Amino acid sequence: MNGRRAALLLLLAVLVALPHALPRFYTYVAAIVLLTGLLATSLNLAIGYGGIYQFHHAVFYGIGAYGTALMLTRTALPAPLGFVVGPLAAALLSLAMGVVCVRLSKLYFGMLQISLGSLVWVTVYRWYSFTGGDDGIHGIPLPDALGSTGGAYYFTLAVTVLCLAAMRRIAASPFGKTLEGIRDNPVRSAAVGVDVRAHQLVTLVIAGFFGGVAGTLFVVVDTSVFPDMMFWTFSLEVLIMCLLGGMYTFFGPFAGAAAIVLLRVFASHYTSYWSLVLGVILTLVIIFLPDGILGYAVRRHRAGEARSA
Amino acid sequence: MGSLGNLASSGTLTQILVGLSRTTILFIVSSGLTLILGVLRIPNIAHGSLYMIGAFVACTVIQTLGGGMPAFWAALTVAPLAVAALGFVLERGFFSYLYDREHLMLLLLTFSFALILGDLVKIVWGAEYRSVTVPAFFQGSAELFGLPLPYYNLFLLLVGPVIAVFLWLVINRTRMGKIALAAAVDSEMVSAVGINVGWVFAFTFVLGCALAGLGGALIAPMVNISLGMDHSLIMEAFLIVIMGGLGNIWGALLGSLIFGLTQSLGILAWPQFGIVFPYLAVVVVLLFRPKGLLRSTW
Amino acid sequence: MLRVESAVLSFGGFRAVNGANLEVTAGEIVAVIGPNGAGKTTLFHLITGHLSPDSGRILFKGREISGLPPHVICRRGISRSFQVVNIFPRLTVFENVQIAVLSRERRTFRIFSEVKGMEADEVHSILRNVGLYDRRDAESDLLSHGDQKVLEIAVALGGKPELLILDEPTAGMAPEETERCIRLIRRLSEELGLTILFCEHDIGLVFEIAKRIMVMVRGGTVIQGSCEEVRRNREVQSAYLGETGGC
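Residue numbers (my numbering), protein chains in the order written: chain Y, 1 to 309; chain B, 1001 to 1298; chain R, 2001 to 2247.
These aren't lab readings, by the way, just hints derived from the structure by calculation. Certain hints may be false.
[Said to hold, decoys possible] Partial selection, computed: residues in chain Y whose CB lies under 10 Å from chain R:
1. Ala172
2. Phe175
3. Leu179
4. Val192
5. Ala198
6. Ile206
7. Val280
8. Leu284
9. Ile287
10. Leu289
[What the hints assert, rightly or not] Cβ-Cβ distance ranges computed for the label pairs, FRET-style:
11. Leu2059(R) - Ser1191(B): 37 to 47 Å
12. Phe266(Y) - Gly1126(B): 55 to 65 Å
13. Leu262(Y) - Gly1126(B): 25 to 35 Å
14. Gly1198(B) - Glu2235(R): 41 to 51 Å
15. Gly2067(R) - Gly151(Y): 54 to 64 Å
16. Val2084(R) - Leu1169(B): 37 to 47 Å
Here the structure is a predicted model, which is why all the values come from computation and not from measurement. All C-beta atoms, glycine included, are put in the ideal place defined by N, C-alpha and C.
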C-alpha cells in the first residue's frame, strides 16, 4: 500500500515537472492525455462500476466544452462562471437523458442514449448562428493565467487530480459498492432493497458532470470546440480506452486513454495507418484479455497473492 | 397564385421521391444490419465499412470495365459477392468463437474491425475520394409534374421493393431462412433439434454483409466515394434499426421510410435543420415505443 | 403476517398461478410443495414483486403489497433467496452481505464515506451464523455451489427480514451440504425467531422442518394445513404424493 502511494507521489512529481522538461507541443499533449484520462474515468464510473451501457458519453464531454465556450464567447460574465456552467450543463443534460433512458437496460439503454445523443450532436452541428455549426468555435478567450500552455497544463493537472480523487472516493463509498452490486446483478440488488434506477440515475449525473469537466478542460487547453467532439465514434473511442485499460479497475481507463492518445500522436509520426495498429491491438485485447491490460495485471497479481498466502 | 401552389406541391412530390430513393439505400444497408443483430446478436459497427468497401469495389469494377451498362451490372454483382466473402472470413474467423460474449464486447470488437477495415481501404484504394458516373442508360431525368426526377433515382425506387420481396422470400420460403428466423428467437432450441446453428449464423452474416455491399454499390454513382462515408451511414442505419425494432426486417423498412422522408421533407421545410428532423423522429418514436415500432426478435 | 388471496398470473394463455391462497403467521415455517411447474417460484416472484399478479391480493402485515417494485417490498421486511444462485459474482463474500446491510440502513446513497469495513460487525456475525466467516474475503464467484446457496441466504439475512423466503434452498446441494443447510434454517427460526416461507423438492426434508405446508398443483392451492392434514389429504395423495411416491 505504501509503495503504491509512493509511486503515485512520484508520478505526480513527474507531472508537475513535465512542462519544464518538455517542448510546448508535448506539454499540450500531456494536458490532452490528462483530460482524456479524466473523461475515460468518468465514463468508467457508469460502464465499469455501474454496468450501464453508456454508449454516447462524448455528448457530455461536448456539452461541457460548448457550455464553457459559449459562456466565454457570447457573454461578458466572468470566466470562472463559464468553467462551472459547462460541467453543470453536462450534468443537467445527463439527468434529462438519464430519466428517459434508465427505464431500459443494457443494449436498449445504449441505443436510446445513442439516439438522444445524436440529436444533440446534429443540433450543435447545424446550429451555425449559435454553436458555429460544423466549424465549431475557435480562439476562445481565456483568463490570462490560463493563456499560456504551461498555465493551461497546470490548471488541467490540478482539476484532473481533484476530480480523480473525488471519483476514487465515490468508487470506494457505499454508493460505489452498491453500484458494483447493481452491475453484477440488478435483480438481486433490487431484492435486497436497492432502488436500482435511482442509483443508476445518480451515477449518470455524476459521470456526465465529470465528463463535462473534461470538456471544459479541453476548452482551456485547446481554446476551441467542434462538433466532432461529440460524434458517436468518439464515444466509442472513449469506451475503447476503458476496455483497453480495464473496466474493472479504477485507473485502467486512465491508462487506456493515455495509451490511445499517445499512440495517435506518436504512431501517426511513423505511419498514416495508426488506426489499423489500434484496431489490431484492440482485437487482440478483446479476444484474449477481456478484463483489459491493467485488469489482467491486477488479476494475475491477486492470483499470485492468493497462491503465496 | 394557383400555379405557385401547384409548383410547391409538385416540388414536394419530387422531394419525396428523391427521399424515397435514398430510403432504398438506407433500407438495404439497415436490413442487413438488423438481420445480423436479430439472429447473431451482434451490433455490427463494421457494417458501415462493408458498405464503404462495396462502393469502392463497385467503383473499381466500373473503372476496369470502362463504364457502360455491363460494367454497372457487373459492379452490382461483384461488390455484394466480394463483401459477402469478406463477411464469411470475419464470421468464421472471429465471430463464430465469440457469440457468447457480452454485447458491449461485440460492439467494441466490431468497432475495431471498422478501424482496421477503414485503414485497409486506405491502403488498397488510397486516401483520395473517387467517383463514377451514372451509366449512360440512367443519365437524364424523367419529367414529373414539370420537375426533373433523375432516372437513376427512379431505378433505386424500383430496386427497394425488389430487395424487400427478395428478403421476404429468403426468410419465409427457404429452409435456411426459416431456421434463421427460429434461431433469432431461440438459438438453443434450434441447436437442440440437431441443426448446426453455426452455419445458420454464417449464412445470415454473409447475407447481411452482401446487403451492405449492394447498398455501397448502388450508392456509388450518386456520391463521392470516400473514406469516412461509413461513419455517417452506420449511425443512420443503427438509428433506423433501433426505431424499427431490433432484428425486424420490416422494421428496418419502416424505419428507413421514416428516416428518409422526414429528412427530405425536413430539408424542404427548414433547409438549415433538415438533417435534424430524422434524428428527432427517432427520438420521438423511442420515447413512446422504447423497443421500436415493430416487434423485435430480442 | 403474509396473506395471498386468490392470486392469478398468466403468461400469454398459460395460467402459471391460478387462484393461489397462502397464509403465513409470524414465527412459523411454512413450506410450499407441488410438482414441477406448479407455479411455486412464480408465486414467490409475485410476493417479492418480481412479477405482479393479474388479479388477487397479497397482504403483508395487513397492507397490500402486490404490484410494488421489489426494492420497496424488501424494505417492508421481506427478503428472499433465489432458486438459481443469484449473488454478486465479482464481489467478495463480505461485500455481498454488506450491500444488503447498507441497503437496509439506507446508506447506499452516501458517496463520500469510506465503505471499507462499514457495518463489519453485523456482516461478520451473519457470516459466522451461516458458517462462511472464514471465506469472507473470497470472491463469491469462486465459492462452491453449496456455499453460494448459503451465501444466498446470508445476503437475504442482511436485510434483517421479518419474513424470509427461500426458493429451493438446497437445490443442487450434496447430501452433507443439505444437512448443514437444514440445520441452518432450523436455527434461524429457533434462535432469531424468523418467519420462513420456503419451497422445496425434497418432500422428506419438507416434513422434517415445516410446521405447515401448502400444496400447489397447476397454479392453484390444493390445501394448506399441518403436516398431518396434508399427509391425510386424498387429493394431495393422488395429485402429488402418489406421482412422486418414491421420494
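Which hint numbers doesn't this structure obey?
Going through the list in order, the structure violates hints 7, 8, 9, 10 and 12 and respects the others.
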